[in-house]
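Asker: Protein chains in written order, with my numbering: chain U, 1 to 409; chain E, 1001 to 1524; chain G, 2001 to 2169.
Any given hint could turn out to be false.
What the hints assert, rightly or not - Once the Cα atoms are required to be at most 25 Å apart in a straight line, the calculated SDA-like pairs of lysine to any residue come out as:
#1 1175(E) with 1215(E)
#2 278(U) with 2160(G)
#3 2084(G) with 282(U)
#4 2002(G) with 282(U)
#5 1473(E) with 263(U)
#6 2058(G) with 330(U)
#7 1446(E) with 2131(G)
#8 1498(E) with 2132(G)
#9 318(U) with 2131(G)
#10 361(U) with 2040(G)
#11 2151(G) with 2132(G)
#12 1395(E) with 1076(E)
#13 2058(G) with 1299(E)
#14 2048(G) with 19(U)
#15 2002(G) with 328(U)
#16 2048(G) with 314(U)
#17 318(U) with 2132(G)
#18 278(U) with 2027(G)
#19 49(U) with 1293(E)
#20 263(U) with 74(U)
#21 155(U) with 74(U)
Source of the hints: derived by calculation from the structure; they are not laboratory data.
Given the structure is predicted, the values throughout are model-derived calculations rather than measurements.
For reference, the chains in residue letters:
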Amino acid sequence: MQETNISAANLECCLKCNLCTEVCPMYAVNPQYPGPKQAGPDGERYRIKDPEFFDSALKYCLNCKRCEVVCPSGVRVADIIAVNRLKYGKPSHPVRDKMLASTDFVGSMTVPVAGLANPMLGLGITKSVMDGVLGISEKRTFPKYATKKFVTWFKHHAPDQTQYSKQVHYFHGCYVNYNYPQLGKDFVKLMNAVGYGVKLLEKEKCCGVALIANGFGDQAKKQAQVNLDSINKAGTEVLTTSSTCTFTMRDEYAHVLGLDNAKQRDKILLTTKWLFDKIEAGEIKLAFKPDFKLKAVYHTACHMQKMGWQQYSIQLLKLIPGLDLTVLDQHCCGISGTFGFKKENYEFSKEIGAILFDDIKAANPEAVITDCETCKWQIEAFTNIQTLNPISILAEAIDYEKTQQLNAN
Amino acid sequence: MRTEYDVIIIGGGATGAGTARDCAMRGLKTLLVERADIADGASGRNHGLLHSGARYAVNDRESAAECIGENLILRRIAAACVEETEGLFITLPEDDLEYQAKFVECCKAAGIKAEAIDPKLALKLEPEINPEIIGAVKVPDASVDPFRLVAANVLDAKLHGADILTGWEVVEFIKEMVTITGVRIRNVKTGETKAIRAHYTVNAAGIWGAHIAELAGVHIGMLPSKGALLVFGHRAAKMVINRCRKPANADILVPGDVVSVIGTTSDKVPFEECDDMKVTRREVEILLTEGCKLVPSLATTRIIRAYAGVRPLVADDSDPSGRNVSRGIVLLDHSKRDGIRGFISITGGKLTTYRLMAEMTTDLICKKLGLEKPCETAIKPLPGSEPEAANLPHKTWTVGQKAAFNRHGGCVTQMDFAQNNTEEICECEHVTRAEIAYAVHNLGVKTLDDLRRRTRVGMGTCQSSFCVLKAAKVLAEELGTPDAAQQLVRDFLRERWKGIKPVCWGDQMREAEHMRNLYKEAAK
Amino acid sequence: MKYDVIIIGGDQRDAEFGLQYLKAGKTVCLIAEGGIIGSPQARAAYAKAGGIILMADKVEKVDVNPDGTVDSLRTANLGATPLKADLYILASGRFVAGGLKSDMTHVWEPIFGADVQFAEDPESWCKEDFFAPQPFESFGVKTDNDGHVLKEGKPIANLIAMGSIIAKQ
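For reference, chain U alone in the conformation it holds in the complex (with noise of 0.2 Å):
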């Protein structure tokens, strides 16, 4: 009896600390915030007791684990909040959340007429209209709408996938769909190169991670229900691109949505893992351009810090000979997600993510890799400097040939 407390997300192993706090990149600009611990564990002892000891201030949590990551005691701080906001928040400002949270609502109504809808979401006019009415930032530029989404391209023009004697499944995510389909493409491109055929998931939904964030929880678990569904029922692993989906369906869906995936977390994996694990284990093998150049930093997006997986991506990237890399000290680029595009953040968001920018800047890279296509906003945004995703970095770097060679038996 009594010889570890398991009680929900560690609360009661706190040891009050404040190693959270110190890290946390919103405590660090907003006065407003009380910090992890406080708005964690130790709001959580009172909320216990009575709801009305929530605090609207926890909405300004960023949710990027950076708390978990450095808690010597295993406390789940953050988890503690987000689970809070779903239960007690109220979303400030309904219709601009949902429309921030819709992720691939938006995405698909936007999609067809992206021609439209890229300027329209640039045009200074609509931005001011976003600003004044919906609260969302004028001073943000909207990812933008790709002109054909990805499941429409893999349809049509993806090659044969069945030829592969050996298959895997992507979850491509909303980005990849909506915004930047050629990072589902260069995953193809490797995955074929290195012997592998290509299927999605017989039905994905958005991972949820934006619904959780702006307080939409049953909206979230439904969704979050279709793509532990479609996991399950793929006979594979189920690779994904985003540090964050796979974050947020392997940890948030039980942590947070109090969702069982047991069965499906182990399925769940970063394409960089699953591709050093094949590699390690003398499974796949990758051969490179001669003439691959690249300068580049490598960023550590808050979440794979927090899944620890960051090692993989590096390893991988620094098997490709012309790649000069530099590892930068992991700091918050401070966007969150859809945090960032709201109008009272903004300035925080361009705060949080300043040591970041002027790390980048002091490195003076052709490129910045990094796992998360938010941080790529922000990056971009604030640095003006392209920023790609590792497996478009090794998709480009490899000799396509020799690789197919290389795996074919």
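Following the hints, position chains E and G against chain U.
Answerer: Relative to chain U, chains E and G alone:
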């Protein structure tokens, strides 16, 4: 301060404070003398349970009826100190379900609304209880914060003109023939003594009342009974959970503010141990094992502390062997009983019946003084518990303000939540500088331990390892003795350690080591 | 993932110690249950010299060779990926850092199940006075004269203990 009073009350527990309030409200010149701090003895070392009386219904109908009467009164007059959690008496498979039927019947006879409910419904009301239960009875138990209850009584006594002396002990009675006309008191810190005179002296010193009686030249047979309790880091259940069986070890779990308290044990101890109660590992084990039967999740909830109090059991005067214990309230008019005039002892009873005990005592004094003034303590709310307090705009407040409102009710309006006062000093318990300043200037705080009893400073999961320096600095500043901060820290850490030591394993072992790493050098 | 040295520990001294190995040309991986406690400069210097830090990770499984030496470690975050090294250093601290665990009656080392020295009678783990040296502060894993961790009385040849996790006499 005057040197002549109508009444001197010895003992700053609930009974003494309640009596001081009642006497002062009836216009008597009143002095309360306490050797340590208010609620430092048994009043502050119990479950914090506002009994419905159900617990006593089977064996002691009179106490049960007193409890339910007072329970209903305190919900009204001490609203800020009471939380209407309601309670359950649950029957486990190993218990006799027939006891439940008898229990319900006895409750009804004592006027307690006890309602046997379907165990399934009980699990719905309180999902944390043992799912194996075979019976459940809903009763009007509640949770009461004994520190705040005593502090509110003291505050109101002061507002009605009473003087309060803490840190003074009674060393001698002043007697003229067979009449006690006053006491000689000594400052426990400085050793200074003074003589105070009064028409009546009330012994409300709990278990220490036996010693006070000896000083006055009378004998009260008392049997100190130790009760150990455990504090869990947060609320494991939202209702009071009792075991429906003959009273035994660890069969009550009370949600005390933000924590949970399980207790108690019951062991006779010698008088010498009463001043320094230590909880043993064996007691902790009993409490935990039994507690988990009530609420299984206690097995995985962090224990932050153990403590023990002493019940002042009074030997029945009619039993020459001294082995039989009086039930209920014991009011001794020593002029009748021992031929010593001007001296009254009030003892026995429960925390729940403190007000009634005070009323009985004050009635007796008034009768002797020929004063016809009715008791009003059952009608007039305590400070902070005024019904208007509910209308304060607390929904818009910061967490620190809400916590202060939770603790002090309407008195929160007397706190100055100006910009530089909103900083949380104790973060576990959301105690702000504003609340500390209020406590120091209105509630008679001298040490961090006093401050803890008024505000919950240092009562959270870290047991002050994070806040002790800040709290000491603020307290020393508010007291106007900034140099005293270091001593405040040392004293408080020693005091906190007493409660941590018996539960030092698992996460509390980590906390203990953390605390040592931070402060072990502070002794120098 | 293969390194010359794996250090299980998360404080500044572990990072400094790792840096010494890095300077001697070794590859080093630090597994910390939380972040790196203490000076950020020490952590930065270690990382800059090429040291790997696995933060917020936990060794969940130890694969043992037939001769009792450590073959590889599996962690919570890396799952199936084995971590191998020539030398493993156990520097996981005492109770605060989680190097030692305790319940009401026992103290143990959770990763390797190493031999632990502690007082049989829990009543004697603490002294009455907070400011007196506490007996529990001398609890820790047993080692041989070369610092090798003992398990069932035998030293593990590629596992040494460092820092406060070592039992004090």
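Asker: Quickly compare the C-alpha distance for residue 1446(E) and residue 2131(G) to 25 Å and report which way the hint goes.
Answerer: 22 Å, holds
Asker: Need the status of pair residue 2002(G), residue 328(U): alpha-carbon distance at most 25 Å?
Answerer: Distance ~22 Å between residue 2002(G) and residue 328(U) Cα, so the pair holds.
Asker: Would the pair residue 278(U) and residue 2027(G) pass a check requiring their Cα atoms to be no farther apart than 25 Å?
Answerer: Holds, because 22 Å separates the two Cα atoms, which is no more than 25 Å.
Asker: Hinted pair, alpha-carbon criterion (25 Å max): residue 263(U), residue 74(U). Please report holds or violated.
Answerer: 23 Å, holds
Asker: Sort out whether residue 1293(E) lies within 25 Å of residue 49(U), counting only the CA atoms.
Answerer: 22 Å, holds
Asker: For residue 2058(G) and residue 1299(E), compute the direct alpha-carbon distance and say whether it is at most 25 Å.
Answerer: 24 Å, holds
Asker: Compare the distance between the alpha carbons of residue 2058(G) and residue 330(U) with 25 Å, and conclude whether the hinted pair is satisfied.
Answerer: Holds: residue 2058(G) and residue 330(U) sit about 20 Å apart, inside 25 Å.
Asker: Check the hint pairing residue 2084(G) with residue 282(U) against an upper bound of 25 Å on the C-alpha distance.
Answerer: The hint holds at about 16 Å.
Asker: Hint check: residue 1473(E) vs residue 263(U), CA-CA at most 25 Å. Holds or violated?
Answerer: Violated, at about 53 Å.
Asker: Against the 25 Å threshold, does the CA-CA distance of residue 2048(G) and residue 314(U) hold or violate the hint?
Answerer: Answer holds: residue 2048(G) to residue 314(U) is near 14 Å, not above 25 Å.
Asker: Holds or violated: residue 1498(E) and residue 2132(G), Cα atoms, limit 25 Å.
Answerer: 13 Å, holds
Asker: Check the hint pairing residue 2002(G) with residue 282(U) against an upper bound of 25 Å on the C-alpha distance.
Answerer: 14 Å, holds
The earlier numbered hints that this structure contradicts are 2, 5, 9, 11, 17, 21.
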